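Participant: Residue numbers (this note's numbering), protein chains in the order written: chain E, 1 to 183; chain S, 1001 to 1391.
Rather than coming from a laboratory, the hints here were simulated on the basis of the structure.
Keep in mind it's a predicted model, so treat the numbers as computed, not measured.
Any given hint could be a false lead.
As the list claims (entries may be wrong) - Taking lysine-lysine pairs in the DSS-like style, the calculated list, with each CA pair at most 30 Å apart, reads:
(1) Lys-1243(S) / Lys-1264(S)
(2) Lys-33(E) / Lys-51(E)
(3) Lys-1167(S) / Lys-1243(S)
(4) Lys-1321(S) / Lys-139(E)
(5) Lys-1321(S) / Lys-97(E)
(6) Lys-1347(S) / Lys-1321(S)
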Amino acid sequence: MALFGGSRDISLFRHINRELMGNVITQQCAFYKYKLEETKVNIYGEAAEEKYYMGPVLLNCLIERTNQEFPETDLGVDFTWGITFKFLRDDLLDKNKDFNIDTDLYGADLVPEIGDIILYQEGYYEIDNTNANQYFFGKNPDYPNEINPLNPGLENFGSSISIICETYAVPSDKVGISRERFI
Amino acid sequence: MANIPIWPGSSNFIPGNTPFGFYDNDYQFQQDADKFANFAARRLGYPIVDVELQDLNFYAAFEEAVTIYGNEIYAYQIRQNYLSLEGVNIANDVPTVNGGPSLAFSQVTPNLGTIIRLSEQYGTEAGTGGNVDWHTGSIALTSSVQDYDLNAWAVSQGYADKDIEIKRVFYESPPAIMKYFYPYVGTGAGIMNVMDTFGWGNYSPAINFVLMPINYDLQIIQQIEFNDTIRRSNYSFEVQNNKLRLFPIPDGTVGKLYFQFLLKSERLANSITGDEGSISNLSNVPYTNPVYTHINSVGRSWIFEYALALCKEMLGYVRGKYSTVPIPGDNVTMNQADLLSSATSDKTALIDRLRAYLDETSREKLLERRSLETDYRQKELNQVPQLIYIA
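Generate the whole structure from the sequences, applying the supplied hints.
Facilitator: Spelled out as structure tokens, the structure:
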């Protein structure tokens, strides 16, 4: 059994993170999850027609913006703007998790993936990379390597803190997101 | 694991919520516990920021503060009164409070019991009281024998070897009064001449009809003693390791020599008194925890402040278990260092303030102040013109 990084400690971190992100920093974004099963693809595996997204879901996050750049290419002047969105992983887990079940604010039940769209300040940003490797004490409780008789209960120790999404700006007309139907 | 709940903004105290439960059934304590929890949470920043403590933490701090307050008060009382309390039989002499003996509501009038007990040792050695018996023994003197082993004598009498300690030896020259009428001592012969002159010389020398002043008798006795001191062998002795050496060496008219002694074992044994039911040290002076209802507003104010310092300390430890807390993509450092240093300084200051307050109300200080007041009052009264009344 590990001595540090138990579930009580992780609960404290979750409290602090949610207070920090939700009440102190209060940066938010809207997350559009790509609906792969409804998107038709061509023979090259590219989207043949429209893309479909779920959402949006409003999420607390930490946002790290870079400067806008205007590189010159053979086709003219381009525009790039990379933004990194950092999410608390527990916020993104499903509603039935015992730390999400008693609140309406958390439990988005989504896994950020490449191709998902994030709306931030009237701009759309497509995810081109995700990282979920910030482990507290270097330990991911989803992989306790059970059954270890010398160290039982390892699933209660450590934490995967964050999911970090690196994005780039995409023009609004290219995304062309419009409401598909009312639920 | 589910979220561990933190302070939600309110609480509802029920008996059993404190670690020790010393005051759980005290109605005032129950009322103040929730008020304090609210007070402390607000002082720590709630509702602007979360306070990572639960109501149980606040209650624990509150209970500890009350207990520490009582400890300080009662420790001070013990220091003030210990000399008067040591040896008191707890079951018989201490009043009962809440089912058990307690001095919490008692006034202790100073007494000399312990002082006298402490002084008994001097009485024992001086032969003027004390708590160790002096025994009497005698040894037959032998003509021409100067040294006598009193240890050997003690063993022969059934005492342990080297257990006796000689306190007094009755080996002195005969009192001068015994030679007062001794015709060859060279003193006092004047009486006979006077009697012969008066025609009473044929009466027995032991019958004296001449009325002499008492200073005459005293001078005669002093003359005899002085004569014996200068011209004759002194009666003296040495005692070394219970080996007795006599001066002068006893001659043919010897008898018994008496002496007094004590037993070292009795001296040690008699220095231990008391039993399980008596006050023997600071730990069993019967002061129980204070009754919260009876603590006045001055005391409660101190308790609230001290409990708040404890809450700060707890919060500091909670936030400081890890030097940094991970947030997505980064780490943050919490304010545990500030909380801990503030809590430590607050606690020290509060304890110092309470002790200073207690010192100012010590019996010594109160009497000193009263004396000063009397002096100043008298000085002020002296400013009033004193009239001379003629009857």
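Participant: All hints, please: hold or fail.
Facilitator: Here's how the hints hold up against the structure:
{"no.": "1", "hint": "Lys-1243(S) / Lys-1264(S)", "verdict": "holds, 16 Å"}
{"no.": "2", "hint": "Lys-33(E) / Lys-51(E)", "verdict": "holds, 11 Å"}
{"no.": "3", "hint": "Lys-1167(S) / Lys-1243(S)", "verdict": "holds, 13 Å"}
{"no.": "4", "hint": "Lys-1321(S) / Lys-139(E)", "verdict": "holds, 18 Å"}
{"no.": "5", "hint": "Lys-1321(S) / Lys-97(E)", "verdict": "holds, 26 Å"}
{"no.": "6", "hint": "Lys-1347(S) / Lys-1321(S)", "verdict": "holds, 21 Å"}
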